[in-house]
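Given the coordinates of chain W, work out where chains Y, X, C, D and V should sit on it, guided by the hints.
Number of protein chains: 6
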Amino acid sequence: MAITEFDTSLPSIRQVQNLIKQAATVEFKLLTGDFITGRILWQDPNSVCVVDENSRQITISKPAIAYFLAKG
Amino acid sequence: MAITEFDTSLPSIRQVQNLIKQAATVEFKLLTGDFITGRILWQDPNSVCVVDENSRQITISKPAIAYFLAKG
Amino acid sequence: MAITEFDTSLPSIRQVQNLIKQAATVEFKLLTGDFITGRILWQDPNSVCVVDENSRQITISKPAIAYFLAKG
Amino acid sequence: MAITEFDTSLPSIRQVQNLIKQAATVEFKLLTGDFITGRILWQDPNSVCVVDENSRQITISKPAIAYFLAKG
Amino acid sequence: MAITEFDTSLPSIRQVQNLIKQAATVEFKLLTGDFITGRILWQDPNSVCVVDENSRQITISKPAIAYFLAKG
Amino acid sequence: MAITEFDTSLPSIRQVQNLIKQAATVEFKLLTGDFITGRILWQDPNSVCVVDENSRQITISKPAIAYFLAKG
Numbered sequence: 001m002a003i004t005e006f007d008t009s010l011p012s013i014r015q016v017q018n019l020i021k022q023a024a025t026v027e028f029k030l031l032t033g034d035f036i037t038g039r040i041l042w043q044d045p046n047s048v049c050v051v052d053e054n055s056r057q058i059t060i061s062k063p064a065i066a067y068f069l070a071k072g
Numbered sequence: 073m074a075i076t077e078f079d080t081s082l083p084s085i086r087q088v089q090n091l092i093k094q095a096a097t098v099e100f101k102l103l104t105g106d107f108i109t110g111r112i113l114w115q116d117p118n119s120v121c122v123v124d125e126n127s128r129q130i131t132i133s134k135p136a137i138a139y140f141l142a143k144g
Numbered sequence: 145m146a147i148t149e150f151d152t153s154l155p156s157i158r159q160v161q162n163l164i165k166q167a168a169t170v171e172f173k174l175l176t177g178d179f180i181t182g183r184i185l186w187q188d189p190n191s192v193c194v195v196d197e198n199s200r201q202i203t204i205s206k207p208a209i210a211y212f213l214a215k216g
Numbered sequence: 217m218a219i220t221e222f223d224t225s226l227p228s229i230r231q232v233q234n235l236i237k238q239a240a241t242v243e244f245k246l247l248t249g250d251f252i253t254g255r256i257l258w259q260d261p262n263s264v265c266v267v268d269e270n271s272r273q274i275t276i277s278k279p280a281i282a283y284f285l286a287k288g
Numbered sequence: 289m290a291i292t293e294f295d296t297s298l299p300s301i302r303q304v305q306n307l308i309k310q311a312a313t314v315e316f317k318l319l320t321g322d323f324i325t326g327r328i329l330w331q332d333p334n335s336v337c338v339v340d341e342n343s344r345q346i347t348i349s350k351p352a353i354a355y356f357l358a359k360g
Numbered sequence: 361m362a363i364t365e366f367d368t369s370l371p372s373i374r375q376v377q378n379l380i381k382q383a384a385t386v387e388f389k390l391l392t393g394d395f396i397t398g399r400i401l402w403q404d405p406n407s408v409c410v411v412d413e414n415s416r417q418i419t420i421s422k423p424a425i426a427y428f429l430a431k432g
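Chains as they are written, first to last, in this note's numbering: chain W, 1 to 72; chain Y, 73 to 144; chain X, 145 to 216; chain C, 217 to 288; chain D, 289 to 360; chain V, 361 to 432.
Some clues are possibly wrong.
[Claimed, not checked] Computed from the model, here is a short list of chain Y residues facing chain W with C-beta under 7 Å: (1) Thr104; (2) Trp114; (3) Glu125; (4) Ser127.
These are computed hints drawn from the structure, not numbers from a lab. The C-beta atom is built at its ideal place from N, Cα and C for all residues, glycine as well.
Bound conformation, chain W alone (with noise of 0.2 Å):
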């Protein structure tokens, strides 16, 4: 059993494969009201790797996860 739904037909899961695929820049609101962006690196049932304009690689909790946009 995952804690998100990672059936790879949803299009909440191949939305995120499209943006590691498209490298996209993406901003992630967080419920703490941090604000975390860069590129996915990867996706799993409990997290999303990004990594930052920092090239710091920031594992989420997709729990945490308020909201997410593709910028620019």
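Here is chains Y, X, C, D and V on its own, set in the frame of chain W:
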């Protein structure tokens, strides 16, 4: 297993499907205190994708939604 | 699997069904600190739909509810 | 599947059943920062129903409870 | 299904069992910002019960725990 | 059922296993706003145990983690 029960016979799922068909403008209040307003493009067990008045596609995590209502 | 246990024999589900039948006015306190007050139209495993005094239909995510009580 | 494990052999469930039998006054601290104090009427996998000193029946979502303790 | 995985072979469950046996003083930091410190009496899939320095038995919801550590 | 998907083939689980092997210093940002920094001792479906610079063993609830990143 879905993080939300994604049975299309459920009122909560049907309601969003109808709002999509109607291209209604919907206001979402998130647990962060953010308001996101726009037209719903799609929903799945994890998320709702909204295009706002600035044509930004915003993917909202369903667990982060406090409430929503159709505007106008 | 429901995000809330939606077994209609449970007191919590029956209680809301009764409040719907009684067309009672119910006050919901959400995790955001918001109060939403109105008549419950329907409930399902994910949400409760309320019509408030301004006739706005507000769909509340059940996980975002802290507590509720019948008014008056 | 219950949002909380509602196995009556569990200490956490039995403890609340005993507090109900004892008609004890219990203080609940919620994730919102609210305190709700009163006598527990019933519990189920989703909620606890409390009657407070103003005879208001308040239904608390179990996931919104931070902690509780018997008073006096 | 437990809200937390209550497999006693897991380090997180065994760790609490050991703290109970040692009658250790443990500090819990909750999502509300509260600190609760005391000796753990029992744990189950839903909760941890602590007796604090004022001999108050406090039942903490496991999902409300941010972190904990043994004191002294 | 794990509160997080604890399949060791998942990137999020493998990543933490690697950080443990590397004895890396990792910074965790929690939903409470707390930062906890240290070396990860172990992880399981519920928690991550970190030893900080004051040699304190801190057990973090995985659902309370907003994000984490390796330092230095």
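Each hint tested on the structure:
1. Given hint, Thr104/Y at the interface with chain W, holds; its Cβ is 5 Å from that chain's nearest Cβ, closer than 7 Å.
2. For the restraint placing Trp114/Y at the interface with chain W, the shortest Cβ-Cβ distance is roughly 5 Å, inside the 7 Å limit, so the hint holds.
3. Look at Glu125/Y: its Cβ only gets to about 14 Å from chain W, farther than 7 Å, so that hint breaks.
4. Look at Ser127/Y: its Cβ only gets to about 11 Å from chain W, farther than 7 Å, so that hint breaks.
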